[in-house]
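**Student:** Taking numbering that gives the first Met the number 0, the leading residue of the sequence shown gets 0, the next gets one more, and so forth.
It is worth saying that the hints were derived from the structure and are not from the lab. Please note that a few of the clues may not be correct.
If you anchor each label on the Cβ, the simulated ranges turn out as follows [claimed, not checked]:
no.: 1; residue 1: 296; residue 2: 265; range: 12 to 22 angstroms
no.: 2; residue 1: 61; residue 2: 152; range: 43 to 53 angstroms
no.: 3; residue 1: 54; residue 2: 153; range: 16 to 26 angstroms
no.: 4; residue 1: 151; residue 2: 61; range: 23 to 33 angstroms
no.: 5; residue 1: 73; residue 2: 262; range: 37 to 47 angstroms
no.: 6; residue 1: 65; residue 2: 124; range: 49 to 59 angstroms
no.: 7; residue 1: 290; residue 2: 151; range: 42 to 52 angstroms
no.: 8; residue 1: 262; residue 2: 39; range: 33 to 43 angstroms
For lysine-lysine, the following DSSO-like pairs were computed, each having C-alpha atoms within a straight-line distance of at most 30 angstroms [to be verified]:
no.: 9; residue 1: 223; residue 2: 154
no.: 10; residue 1: 223; residue 2: 149
no.: 11; residue 1: 277; residue 2: 154
All C-beta atoms, glycine included, are put in the ideal place defined by N, C-alpha and C.
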Amino acid sequence: MAAASTAPAAGGPPRVIAVVVTYNRRELLTEALSAVLGQSRAPDTVIVVDNASTDGTPEMVRTRFPAVRLAVAQRNTGGAGGFAYGLALALAGAADLVWLMDDDTVPEPGALRAMLDARVLHPGGPPALIASRVVWTDGRPHPMNTPRIKPLVSKEERAAAATAGCLPIRSASFVSILVDAGVCRARGLPQADYFLWNDDFEFTARLLRGQAGLLCPASVVVHKTATFGSTDADPGQRFFYEVRNKVWTLRARSALAPAERVLYGGATLRRWARTFAKSSDRATLRSCLLSGLAAGVRTTPRPTGEVLASAGLAMPGTQAAGAPESGAQAAGAQAPAGPGSPPA
């Protein structure tokens, strides 16, 4: 059964809250926030979740962007924890739509408006998620952030997406996605315990199970990574998170249907083989593969609220040492802390 989308009150424009997660990228965050606030249709509120930066990022946000709501963690919770907390604040802040992005993402001036236009044009109701087209600094499509086109998509779904000038997708990355708040309330927050890697895949696949998702080519963002390349590049010690989190995702029932688990499981094995083939340190990858497999099979993710509380981040409606600063405490009901029940 499809989760209910959020409809703006009284037929007015949707309330859009942007969430940016940052860690020690003060200059890039400055550029990203300037671009977000300079949109032709700017978000109604901007939330920044700082993952215990040590480069003066919080001070920069307070000084240069006083209208931005700032939440500062006591320790680094990774992208997974940052997006879980930022989304929780946005949902409690009566968002209709939430625009999620990394701190090295610079949207072009019409990026948000293009996604909002596509949402209106899509037949059969608004999609659960719309992803931007992500390019690198030289304009090439960024291989790290290519949304997964929906496999075995029907002719009707493809036609509906084309009507909105889009393509149907099954998952996306946290580099500029516009998610429906109502679906997020029904399906739950990102899994904070993932820390990094596959947190966006698990979350967006969970949102899009039985729902429409779109890639909007007219919405363009620049992902300012240090180098051009995909996540197949040699990951070193971080390969542990790729393995553990992918096993967690494939074991769970909320994100992928049984047939999809087989499909994506096979694709994962091929991807890991490519990673090993390209690596100059296969001993490290082998160690991370074994420890990641063991952790993925023997453990499950801790509850998101528990992970956030350990970093001093209180879920909306509670208080803790790392609660949002002035202006960032959102009113409203507490957001769901984890995945909802598997869709029918």
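**Student:** Does each hint fit the structure? Answer for all of them.
**Tutor:** Hint check results:
1. 296 <-> 265: 12 to 22 angstroms: At 18 angstroms between Cβs, range holds.
2. 61 <-> 152: 43 to 53 angstroms: Holds, at about 46 angstroms.
3. 54 <-> 153: 16 to 26 angstroms: violated, 48 angstroms
4. 151 <-> 61: 23 to 33 angstroms: violated, 49 angstroms
5. 73 <-> 262: 37 to 47 angstroms: Roughly 40 angstroms apart at Cβ, these two residues keep to the hinted range, so it holds.
6. 65 <-> 124: 49 to 59 angstroms: violated, 38 angstroms
7. 290 <-> 151: 42 to 52 angstroms: Taking Cβ atoms as reference, residue 290 and residue 151 lie about 34 angstroms apart, which means the hint is violated.
8. 262 <-> 39: 33 to 43 angstroms: Hint holds: Cβ distance 39 angstroms, inside 33 to 43 angstroms.
9. 223 <-> 154: violated, 35 angstroms
10. 223 <-> 149: OK: residue 223 and residue 149 at ~26 angstroms, within 30 angstroms.
11. 277 <-> 154: violated, 37 angstroms
Of the hints listed earlier, those the structure fails to meet are numbers 3, 4, 6, 7, 9 and 11, in rising order.
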